[in-house]
Amino acid sequence: MSEEIVILPEKVDKLYETLKRWAKSTGYNLNPDEEFTRGLVEGLLINRQRYGYQSCPCRLASGDKQKDKDIICPCDYRDVDLADWGACYCALYVSDEVLRGEREIQSIPERRPPEGRRSWERSAQHEQRN
Amino acid sequence: MPEVKGTVRGPHDEHHTIFYGLSTCIWCRRTRQFLEDQGVKFDFVYVDLLKGQEREEAVEQVRCWNSAISFPTVVVDDEQCVIGYKTDKLKEVLGL
Numbered sequence: 001m002s003e004e005i006v007i008l009p010e011k012v013d014k015l016y017e018t019l020k021r022w023a024k025s026t027g028y029n030l031n032p033d034e035e036f037t038r039g040l041v042e043g044l045l046i047n048r049q050r051y052g053y054q055s056c057p058c059r060l061a062s063g064d065k066q067k068d069k070d071i072i073c074p075c076d077y078r079d080v081d082l083a084d085w086g087a088c089y090c091a092l093y094v095s096d097e098v099l100r101g102e103r104e105i106q107s108i109p110e111r112r113p114p115e116g117r118r119s120w121e122r123s124a125q126h127e128q129r130n
Numbered sequence: 001m002p003e004v005k006g007t008v009r010g011p012h013d014e015h016h017t018i019f020y021g022l023s024t025c026i027w028c029r030r031t032r033q034f035l036e037d038q039g040v041k042f043d044f045v046y047v048d049l050l051k052g053q054e055r056e057e058a059v060e061q062v063r064c065w066n067s068a069i070s071f072p073t074v075v076v077d078d079e080q081c082v083i084g085y086k087t088d089k090l091k092e093v094l095g096l
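As you go down the protein sequences, you meet chains A and B in turn.
Under the working numbering, the residue at position 19 of the first sequence is numbered 19, and the numbers go up by one with no gaps.
Under the working numbering, the residue at position 7 of the second sequence is numbered 7, and the numbers go up by one with no gaps.
In isolation and in its complexed conformation, chain B is listed as follows (with noise of 0.2 Å):
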């Protein structure tokens, strides 16, 4: 089981980058392989793995930008957001 939220360093810091996941969720698990294989630097939050105020917040946070509050959700820059397993969307976002 993943850590429950936290930093992966990676040499693309150009972008404010948060991922938003499920412990038990393939895409969000293949999508953080994806960040990581590109050498992103981002935060990452389990929402499943948090509990009562903190998992409220952090489905608030997810709200913001996604209604259905579905995983994975990347936030970039607080700008732009990138729901479930797009790696060409990925990309383009953050200029990889």
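With the rest of the complex left out, here is chain A (with noise of 0.2 Å):
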């Protein structure tokens, strides 16, 4: 059986309101959808109690930071999944057409590549070789 991991609606309030200033400071935007980017935000939550770091509430994390670094929020595909599909994989941040009502988010293909193909892993065999 698992943990049960317990999130104060304070916390998920405070981080909500630090992402969404943060974002708008950098130029992009939280998904609008208060009920959906709450949820995230709590999951994001969880993750840093469960795992000690934020990472992407809709992947399933290793529990090593080192091979999960791609997939702590903001992740590394964002921006192109931004460019791509309007919204980030799990939905925290989309476009701006997105906040303009002119395009709808769905839940989009991963673009991370599957274990045993992922860049740090590369590096790491490419060291183990030399």
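The hints are simulated quantities; they were obtained by calculation from the structure and are not laboratory data.
Note that CB positions come from ideal geometry on N, CA and C, so glycine has one too.
There could be a bad hint or two in this list.
Claimed, not checked - Using 30 Å as the maximum straight-line C-alpha spacing, the simulated DSSO-like pairs for lysine-lysine come out as follows:
| no. | chain 1 | residue 1 | chain 2 | residue 2 |
| --- | --- | --- | --- | --- |
| 1 | B | Lys-5 | B | Lys-51 |
| 2 | B | Lys-5 | A | Lys-67 |
| 3 | B | Lys-51 | A | Lys-69 |
| 4 | B | Lys-5 | A | Lys-11 |
| 5 | B | Lys-51 | A | Lys-11 |
| 6 | B | Lys-91 | A | Lys-65 |
| 7 | B | Lys-41 | B | Lys-5 |
| 8 | B | Lys-5 | B | Lys-86 |
| 9 | A | Lys-69 | B | Lys-91 |
| 10 | B | Lys-5 | A | Lys-65 |
| 11 | A | Lys-14 | A | Lys-65 |
| 12 | B | Lys-5 | A | Lys-69 |
| 13 | B | Lys-41 | B | Lys-89 |
| 14 | A | Lys-20 | A | Lys-69 |
| 15 | A | Lys-67 | B | Lys-51 |
| 16 | A | Lys-67 | A | Lys-14 |
| 17 | A | Lys-20 | B | Lys-86 |
| 18 | B | Lys-5 | B | Lys-91 |
What the hints assert, rightly or not - Quick list of the computed label-pair ranges, beta carbon to beta carbon:
| no. | chain 1 | residue 1 | chain 2 | residue 2 | range |
| --- | --- | --- | --- | --- | --- |
| 19 | A | Val-80 | B | Arg-63 | 19 to 27 Å |
| 20 | A | Pro-113 | B | Asp-43 | 27 to 35 Å |
| 21 | A | Lys-69 | B | Asp-77 | 22 to 30 Å |
Take the two lone chains, each set in its own frame, and fit them into one complex as the hints suggest.
Written out as structure tokens, the structure reads:
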């Protein structure tokens, strides 16, 4: 069985407001669907408590920060997914088009390379060979 | 936080449906809600809540259908798989 992690609503509010401010100041948009977004923020806080870092709530983290560095929010794939799909993988961040209501978000394909083909794995293999 | 695994009962029990999800994923939450709203009987597994051998086994089961090991992954009759929150595809595969 798994441990029960309880995140207080005040903690969700605090991170939600911080992310919203940070997004605005860096030219990004948080998903305007507040219920959806607060759910993701709660997931980030659960992952922070579980793993020690805020990995993407919609991806299975390994618990090894080095292995998961590409999926620590904001993930390495955010910008390209925003450009192609109007939202990042979990849809915490959305494009201007989505914000203006000109495009709808959807569940998008996973762009992260499968295990064994990730950039950090390739560099580790390269180092081992040399 | 949801239960780690279990079965949701429903009148649509024509298929053997397994939902693999993450407890923190909102697309997974929506997919499960959709299955429940449609009255589909399904087994569910929250892979992030599993530990050790049980988690490894669940990951391998997902990998058989979805090499990206992404969530939600819904496997129907051990024959078809729907990846992501795709209600039209689920309706088609489950005959809803």
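Hints, verified against the model:
{"no.": "1", "hint": "Lys-5(B) to Lys-51(B)", "verdict": "12 Å, holds"}
{"no.": "2", "hint": "Lys-5(B) to Lys-67(A)", "verdict": "27 Å, holds"}
{"no.": "3", "hint": "Lys-51(B) to Lys-69(A)", "verdict": "21 Å, holds"}
{"no.": "4", "hint": "Lys-5(B) to Lys-11(A)", "verdict": "27 Å, holds"}
{"no.": "5", "hint": "Lys-51(B) to Lys-11(A)", "verdict": "26 Å, holds"}
{"no.": "6", "hint": "Lys-91(B) to Lys-65(A)", "verdict": "38 Å, violated"}
{"no.": "7", "hint": "Lys-41(B) to Lys-5(B)", "verdict": "14 Å, holds"}
{"no.": "8", "hint": "Lys-5(B) to Lys-86(B)", "verdict": "22 Å, holds"}
{"no.": "9", "hint": "Lys-69(A) to Lys-91(B)", "verdict": "36 Å, violated"}
{"no.": "10", "hint": "Lys-5(B) to Lys-65(A)", "verdict": "26 Å, holds"}
{"no.": "11", "hint": "Lys-14(A) to Lys-65(A)", "verdict": "24 Å, holds"}
{"no.": "12", "hint": "Lys-5(B) to Lys-69(A)", "verdict": "28 Å, holds"}
{"no.": "13", "hint": "Lys-41(B) to Lys-89(B)", "verdict": "17 Å, holds"}
{"no.": "14", "hint": "Lys-20(A) to Lys-69(A)", "verdict": "22 Å, holds"}
{"no.": "15", "hint": "Lys-67(A) to Lys-51(B)", "verdict": "18 Å, holds"}
{"no.": "16", "hint": "Lys-67(A) to Lys-14(A)", "verdict": "28 Å, holds"}
{"no.": "17", "hint": "Lys-20(A) to Lys-86(B)", "verdict": "28 Å, holds"}
{"no.": "18", "hint": "Lys-5(B) to Lys-91(B)", "verdict": "23 Å, holds"}
{"no.": "19", "hint": "Val-80(A) to Arg-63(B): 19 to 27 Å", "verdict": "24 Å, holds"}
{"no.": "20", "hint": "Pro-113(A) to Asp-43(B): 27 to 35 Å", "verdict": "29 Å, holds"}
{"no.": "21", "hint": "Lys-69(A) to Asp-77(B): 22 to 30 Å", "verdict": "38 Å, violated"}
Of the numbered hints given earlier, the model fails hints 6, 9 and 21; all others are met.
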